[in-house]
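Peer 1: Spelled out, the chains give:
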Amino acid sequence: MLSKLSKKMFPKSLWVYHCNSGACNGCDIEILNILTPYYDVERFGIKLVGSPRHADVMLLSGAVTRPTLPLVKKAYEAMPAPKLVFGIGSCATGGGCWFDTYNVTGGGDKAIPVDYFIPGCPTKPEAIIYGVALALGLVDKKALPIELKQMEFPIDAYERNKAWEDRNVIYKLIN
Amino acid sequence: MDIAYSLINVMVFILCAPLFDGIMRKITARVQSRQGPPVVQPYYDLLKLLGKNTVNSADNWSFKLAPLAAFASIIAVVFVIPFAFRQNFAGRYADIITVVYLLTLGGVSVLLGALASKNTFAMIGASREMVTMIMVEPVLAMTLILGAVKYKSLALQSAMYSVTGFGYSVSIVAMMAVYLLALQAFVGKQPFDISEAEIEILEGPFIEYSGPNYALFKYYMMMKQMFYAFLFVAVFLPFAETGYYAADMAIQLAEMLLVFVVIALIGSTNPRLRIDQAVKYYAVLIIISICAVGLSVRGF
Amino acid sequence: MWLTSKIKQVLMVLKPGVVTLNYPFVPRPAPEDFRGAPYWDHTKCVGCGGCANHCPARTIMVRDICQEIRVMMYDGSRCTYCGRCADVCPEDAITMTKNYELATGDKNDITETMELFMLTCQRCGRCYEMETGNAVDRMDLKGYRYDNLEARTVIRKTSDQFDLKLLQETAQFKRPEKI
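Chains as they are written, first to last, in the numbering used here: chain A, 1 to 175; chain B, 1001 to 1300; chain C, 2001 to 2179.
Isolated chain A, as found in the complex (with noise of 0.2 Å):
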């Protein structure tokens, strides 16, 4: 009974750790904003603590390089269960304008299993918030795949052979 109260309570009060990996601080000066009054994010019960032992969710930004890859896992290591990853900026999601070079290892979700992707360069906090919004479950989701389309093939024109051979086919039809 006791165990079902304390989940309950997970999403009432968010401890959280931010760790940085590597980045340009944008991220970082984003993450610190949010602990300001005007933005203030304590009154969903989040609080900044010192500690990974201490924390539930730790905020990664920057893009995970070298050196600091065996340290980001020992950190999320030391975070005792249950716990989540937001990855915070377009380096924490997928490396940035970085992904593929030498030092890069290339996005949080390389090194430790990610939850929540914020993107952005930097982040605005209303974008944070948006996201510990979501994971909290006060909103919906957004941010869907879009898919758009110029015309509607009437022909299959994934056959390309015959589309290769009757290549003067507008020609015919002008005709």
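Derived from the structure by calculation, the hints contain no laboratory data. Just so you know, not all the hints are guaranteed correct.
[Said to hold, decoys possible] Partial chain A-side listing against chain C, Cβ under 8 Å, derived:
(1) Pro70
(2) Leu71
(3) Phe99
(4) Gly120
(5) Gly131
(6) Pro145
[As the list claims (entries may be wrong)] Residues from chain B that keep clear of chain C, each with C-beta distances beyond 12 Å, as calculated:
(7) Ser1033
(8) Gln1035
(9) Tyr1043
(10) Ser1062
(11) Ile1075
(12) Ala1076
(13) Ala1090
(14) Ala1094
(15) Leu1115
(16) Val1131
(17) Ala1174
(18) Leu1265
(19) Ala1283
(20) Ile1286
Ideal placement from N, C-alpha and C gives every residue a C-beta, glycine not left out.
Got chain A; can you put chains B and C on it based on the hints?
Peer 2: Then chains B and C, alone, in the frame of chain A:
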């Protein structure tokens, strides 16, 4: 019948301590112009901490024993004190020396836990906590000894409630001022919270604790705060003694709430003092408290 | 003396009151000229591939799956919202919208795919005369491109005629593994 009072003491303290802590956090947030967490937030925090895994980072028995010892010592103190003007079951067996001893035991178990986790930050936090404890003990002891000197007995009921029996003499007013100025260090808030400086040394002595152990330490800190507020109300403001238990309890809780508001306001407007500045500040307070006890011996 | 200054501090705080924004429950529009997620207008795009060539994080990939259809894919996981694609587009088909609420649990949610109909040139097929000089020049001109959309990789292989073998070869391209 007396033992019922002790048990009700423990129940009231366990249930109300997180509420007072939540009110303090809300006042701190409002002074900083923001909407803070809801008032019942510490209950959510404690319940969530009880549901986490324990990461056993230091495998010795003192690491696992320390939070239990701290929590047990504060419950023992609450069991003994005469809350709401009622002498209870344990009051026959415990006097003010016991109370001072049990509070020191709580502090020592925090130190034990900090030194048992093999972490440098915890060691720094433990050394600062030791200095804070050493400088805080004399003022606490002098407050309780004031009543003992007046009534020539070490019993709790007389030492706490009868101090202002003959009006507010010079020594009592001096002691009240000293206690108010020293209250911030008793409860561990700014300007004297150097021992658990939040981001400066990464939470100080409790850095390696996680899950239920940390919940016990947090509960220990909250109940310690409530006890010190109760001590101020019991020794210096014991008026309106109606005969009804519930009314007495409500009046004392309301007075404790006022003390908590004062603690929160002072805590949120002051910076944090370094340990050597705090010791200098405290030396003056210790001297004044000893003078107050001396004056009360002389009859003032 | 310090007591009066602390009391004045507490009273000073009462004037602004509580300044917290009620953000997730009340929408908050972004300021002017804010660059949020880019959006392609498929009615204006001609499929030139200029945005794909200029993206610093190479998030836009182009692939010809047959002679008439060119598929362009934007993968938002590494986009830095710099706006170069919108800047260089000759048809103004790309707008940087003001949408910043892009948090998601799955990286496939922030992608945008477009299928474009490429008209064949009436005389020779599809493309202009190819420079056979260097790879950079060849990338800049129009032709057939075969980036791998599944592995989100930009592959610098182009050809002047549509080549099924090249399409199959790049479909199996694997990014070199690190760690």
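Peer 1: Hint by hint, say whether it matches the structure.
Peer 2: Against the structure, the hints come out as follows:
1. Pro70: 11 Å, violated
2. Leu71: 15 Å, violated
3. Phe99: 5 Å, holds
4. Gly120: 6 Å, holds
5. Gly131: This interface hint holds because 3 Å falls under the 8 Å limit.
6. Pro145: 5 Å, holds
7. Ser1033: 5 Å, violated
8. Gln1035: Violated, since 4 Å does not exceed 12 Å.
9. Tyr1043: Answer for Tyr1043 of chain B: holds, closest chain C Cβ roughly 22 Å.
10. Ser1062: 40 Å, holds
11. Ile1075: Non-interface label on Ile1075 of chain B holds, nearest chain C Cβ at 35 Å vs cutoff 12 Å.
12. Ala1076: Holds, because the least Cβ-Cβ distance between Ala1076 of chain B and chain C comes to about 36 Å, which exceeds 12 Å.
13. Ala1090: 39 Å, holds
14. Ala1094: The claim holds: Ala1094 of chain B sits with its nearest Cβ about 37 Å from chain C, beyond 12 Å.
15. Leu1115: 36 Å, holds
16. Val1131: Fine: 23 Å to the nearest Cβ keeps Val1131 of chain B off the interface.
17. Ala1174: 17 Å, holds
18. Leu1265: About 6 Å separates Leu1265 of chain B from the closest Cβ of chain C, which leaves it inside 12 Å; violated.
19. Ala1283: Since the minimum Cβ distance to chain C is about 18 Å, Ala1283 of chain B lies beyond 12 Å and the statement holds.
20. Ile1286: 20 Å, holds
Hint compliance for this structure: hints 1, 2, 7, 8 and 18 are broken, all remaining hints hold.
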